[in-house]
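Peer 1: Next come the chains, spelled out residue by residue.
There are 2 protein chains.
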Amino acid sequence: MGRNVAIAGAGMSDFGMFSDRDSKNLFVDAFEEMRGSVDKGFDANAIDALYVGNFTNDLFVKQSHWGAVLADALGLIPKPATRTEGACASSALAFREAVFAIASGFYDVVLVGGFEDMSKRTTEEVTEGLALASSPYEGAAGFTFPGVFGAMATAYFERYGATREHLMDVTIKSHDNARFNPKAQHQRSIRQIMESRRKRAQAKGGPVPAWETEKDFLADAQANPPIAWPMHLFDCSPISDGAACMLLVAEELATSFTDTPIHVRGIGQGSGRALHAADELTSFEATRAAAQEAYQMAGVDAGDIQFAEVHDCFSIAEIMHTEDLGFFAAGTGHKAAAEGLTRRDGSKPINTSGGLKCKGHPVGATGVAQMIEVWHQLRQTAGERQIPNRNLQIGATQSIGGTGGTCAVTILERR
Amino acid sequence: MGRNVAIAGAGMSDFGMFSDRDSKNLFVDAFEEMRGSVDKGFDANAIDALYVGNFTNDLFVKQSHWGAVLADALGLIPKPATRTEGACASSALAFREAVFAIASGFYDVVLVGGFEDMSKRTTEEVTEGLALASSPYEGAAGFTFPGVFGAMATAYFERYGATREHLMDVTIKSHDNARFNPKAQHQRSIRQIMESRRKRAQAKGGPVPAWETEKDFLADAQANPPIAWPMHLFDCSPISDGAACMLLVAEELATSFTDTPIHVRGIGQGSGRALHAADELTSFEATRAAAQEAYQMAGVDAGDIQFAEVHDCFSIAEIMHTEDLGFFAAGTGHKAAAEGLTRRDGSKPINTSGGLKCKGHPVGATGVAQMIEVWHQLRQTAGERQIPNRNLQIGATQSIGGTGGTCAVTILERR
Numbered sequence: 001m002g003r004n005v006a007i008a009g010a011g012m013s014d015f016g017m018f019s020d021r022d023s024k025n026l027f028v029d030a031f032e033e034m035r036g037s038v039d040k041g042f043d044a045n046a047i048d049a050l051y052v053g054n055f056t057n058d059l060f061v062k063q064s065h066w067g068a069v070l071a072d073a074l075g076l077i078p079k080p081a082t083r084t085e086g087a088c089a090s091s092a093l094a095f096r097e098a099v100f101a102i103a104s105g106f107y108d109v110v111l112v113g114g115f116e117d118m119s120k121r122t123t124e125e126v127t128e129g130l131a132l133a134s135s136p137y138e139g140a141a142g143f144t145f146p147g148v149f150g151a152m153a154t155a156y157f158e159r160y161g162a163t164r165e166h167l168m169d170v171t172i173k174s175h176d177n178a179r180f181n182p183k184a185q186h187q188r189s190i191r192q193i194m195e196s197r198r199k200r201a202q203a204k205g206g207p208v209p210a211w212e213t214e215k216d217f218l219a220d221a222q223a224n225p226p227i228a229w230p231m232h233l234f235d236c237s238p239i240s241d242g243a244a245c246m247l248l249v250a251e252e253l254a255t256s257f258t259d260t261p262i263h264v265r266g267i268g269q270g271s272g273r274a275l276h277a278a279d280e281l282t283s284f285e286a287t288r289a290a291a292q293e294a295y296q297m298a299g300v301d302a303g304d305i306q307f308a309e310v311h312d313c314f315s316i317a318e319i320m321h322t323e324d325l326g327f328f329a330a331g332t333g334h335k336a337a338a339e340g341l342t343r344r345d346g347s348k349p350i351n352t353s354g355g356l357k358c359k360g361h362p363v364g365a366t367g368v369a370q371m372i373e374v375w376h377q378l379r380q381t382a383g384e385r386q387i388p389n390r391n392l393q394i395g396a397t398q399s400i401g402g403t404g405g406t407c408a409v410t411i412l413e414r415r
Numbered sequence: 001m002g003r004n005v006a007i008a009g010a011g012m013s014d015f016g017m018f019s020d021r022d023s024k025n026l027f028v029d030a031f032e033e034m035r036g037s038v039d040k041g042f043d044a045n046a047i048d049a050l051y052v053g054n055f056t057n058d059l060f061v062k063q064s065h066w067g068a069v070l071a072d073a074l075g076l077i078p079k080p081a082t083r084t085e086g087a088c089a090s091s092a093l094a095f096r097e098a099v100f101a102i103a104s105g106f107y108d109v110v111l112v113g114g115f116e117d118m119s120k121r122t123t124e125e126v127t128e129g130l131a132l133a134s135s136p137y138e139g140a141a142g143f144t145f146p147g148v149f150g151a152m153a154t155a156y157f158e159r160y161g162a163t164r165e166h167l168m169d170v171t172i173k174s175h176d177n178a179r180f181n182p183k184a185q186h187q188r189s190i191r192q193i194m195e196s197r198r199k200r201a202q203a204k205g206g207p208v209p210a211w212e213t214e215k216d217f218l219a220d221a222q223a224n225p226p227i228a229w230p231m232h233l234f235d236c237s238p239i240s241d242g243a244a245c246m247l248l249v250a251e252e253l254a255t256s257f258t259d260t261p262i263h264v265r266g267i268g269q270g271s272g273r274a275l276h277a278a279d280e281l282t283s284f285e286a287t288r289a290a291a292q293e294a295y296q297m298a299g300v301d302a303g304d305i306q307f308a309e310v311h312d313c314f315s316i317a318e319i320m321h322t323e324d325l326g327f328f329a330a331g332t333g334h335k336a337a338a339e340g341l342t343r344r345d346g347s348k349p350i351n352t353s354g355g356l357k358c359k360g361h362p363v364g365a366t367g368v369a370q371m372i373e374v375w376h377q378l379r380q381t382a383g384e385r386q387i388p389n390r391n392l393q394i395g396a397t398q399s400i401g402g403t404g405g406t407c408a409v410t411i412l413e414r415r
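Note that the protein sequences, when read in sequence, are chains A and B.
So in this note's numbering, spot 351 of the first sequence is number 351, and the numbers just go up one at a time.
So in this note's numbering, spot 83 of the second sequence is number 83, and the numbers just go up one at a time.
Be careful, since some hints might not be right.
Unchecked claim - For lysine-lysine, the following DSS-like pairs were computed, each having C-alpha atoms within a straight-line distance of at most 25 Å:
1. A:LYS120 to B:LYS335
2. A:LYS24 to A:LYS120
3. B:LYS120 to A:LYS62
4. B:LYS62 to A:LYS62
5. A:LYS215 to A:LYS348
6. A:LYS335 to A:LYS348
7. B:LYS120 to B:LYS62
8. B:LYS348 to B:LYS335
Bear in mind the hints are in silico, worked out from the structure with no lab data behind them.
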């Protein structure tokens, strides 16, 4: 498979809704942090090419052709710059192309990233823009993404006996992890949010909600209103601005950049049918295909993956992905979440970053941002959210676009 | 540079404005023609991956995530499918990624194509959509693409003493070539158009225009109205729908697909600054960088390229590209066109397909469609527009996005 590839550095902007930051600012933030992370330093002139993933800034900020725009902003002219688009998996696809570009021998040093600027539009405009990634039939049937994932959740509940309580397990865990992620859009636990709301109610002198547990709070339709049943507000990832990037290098050059390279051990990508034509509603064919390709390349199986960032655009998605990746048997992902297996101290930590739900989901940035979390965990630089007491060697990411039309799986390794 | 890559087959839809055809239909047309062109036949299951270039169907037909949509339409699920976007160079970038994917050893057989569905929107909407590929500064200054290229033409005229007559030489040649291209959107020579208009005027009983030469016709502002001086209507490529695709295979497998493989000998890509920051207005830095990279990989120089398809989105662009590619010295491209050197029977035939001007310019399809013309010429299957009496071995394509923000150059070879 050509030459091997390693990650020499990584950086990301803050994720959130920023009225004073645009895609260029955010990408430059990510780039500067990446530069600082390359411990032996490097000359930006060494960068041979740029790959960027972006979903739909064409619509959100009325600018396309972002490869050229960012190459100019980063001082990379006349180096080649290519944008990939695969809906919410856009930068995971960019990462894959960057790997191919090095593996083929064409380039030695490639900058890869992703970004999205979503907050300058109304929620309605963003929802409509994102819906362009679903199939023409889904759109014509009136589905937006919360609706589509709501339908999949309903099918999952019916088939496997899960309930909204299982979705809450996912949400509570994501918020618990995000407390320790200084880049995350939402950095409070559900309990913190609950106490804050309670205090606010007390201060107003009105009735004080009787929530005792986090699940009481999430079950309260005032506090956690339905969006598209059973997807409530706290089941949905937010509208976010942000950027993330990585420096990829040919493996044989890695130690001239850093003492702690992280190696790309496996990459896989698959495509899936839209929901109206899918074989089933509780699993993504594209993820199964991508995982198989990545595991085969890496020479590992699901049991070898110690932890992962998966594409929890909605809480139900996290459960389904952990099954499609083979971490848990079909129909048991919700039980694994309930048992705490996916917590930071569980046997298979999932979304230690807080996931898309809490870290934020600037759609074009997400794929690379997921990899940055795995990179941090493998380097033991994840701070207070570091997976405890583990010799971490292999982690994975999984990103989907649309309703599973595209999926990319990446396996990273520390040696 | 990894494994070598060859073209095993190619096909394109008709180019034009089709109220009854959408991107899927057009891409399937291209795919079916491509299948027929693979003379030893092949099983579509052999396709390992799909790359597609598209500029902005997000806006034009309110659908993004086209990799997945087309993978499904072509029966390729669950194979990976990736969309690239580099404005009007989008499918030239897809081609390059497909080459990397094979060169790296990841895949053996890759389908690559491009498409655009533009005609369902008003001219104003299309012009505005395309303008998203120019720099934020150009857009803010009120420039659309005819305006930008008009400004560059003005600078070229001033610097090198060219006139509108030189632009007419390009236009007349493009129309002469397109007469023999059954896929072209405009298949009549300027003389044929002129005679037809004259007959129409006679039939109406009104005054009959006194045009004698084609240049008389093109100089008549009634017949050829100004769009953004000196760009008149016949200097501008049209709004088009269309699709094009190719089957790329690892070179060592090529003869199991076809007796006449065409080899990818060089690929190059570059980025350029927007006009407000460009070093000059009469040359594209991105083209010079891309050409240098492609020539170096191929081990050739400009003199070795026997013919080329270049990105004549506007007539002035063709002149500038033939200089940036090194075919003619800076400031002499207009004279070369006037002397007939770029005609089919000239020493350096350019745009034998009729170019974007006459073949049509469905922006996302253009890069691969240009390569298809070179593929035909090298295989001696270009019919009546075949370059006469030449043993053709090496041809090139050049595609730009925006105002030169992106450029890709590809060198193809018959052995």
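Peer 1: All hints, please: hold or fail.
Peer 2: Hint check:
1. For the suggested pair A:LYS120 and B:LYS335, the alpha carbons sit about 49 Å apart, so the restraint of at most 25 Å is broken.
2. Proximity of A:LYS24 to A:LYS120 is assessed by CA-CA distance (about 14 Å); at most 25 Å being required, the pair is judged to hold.
3. With a CA separation close to 20 Å, the supplied pair B:LYS120 and A:LYS62 stays within the 25 Å bound.
4. Among the hinted pairs, B:LYS62 with A:LYS62 is consistent with the structure: their alpha-carbon atoms are about 14 Å apart, no more than 25 Å.
5. At roughly 23 Å between alpha-carbon atoms, A:LYS215 and A:LYS348 fall within 25 Å of each other, so this suggested pair holds.
6. Of the pairs offered as hints, the one joining A:LYS335 and A:LYS348 holds, with about 13 Å between alpha carbons and a cut-off of 25 Å not exceeded.
7. With a C-alpha separation of about 11 Å, the suggested pair B:LYS120 and B:LYS62 falls inside the 25 Å cut-off, and the hint holds.
8. Our distance criterion of 25 Å between C-alpha atoms is met by B:LYS348 and B:LYS335, whose separation comes to about 13 Å.
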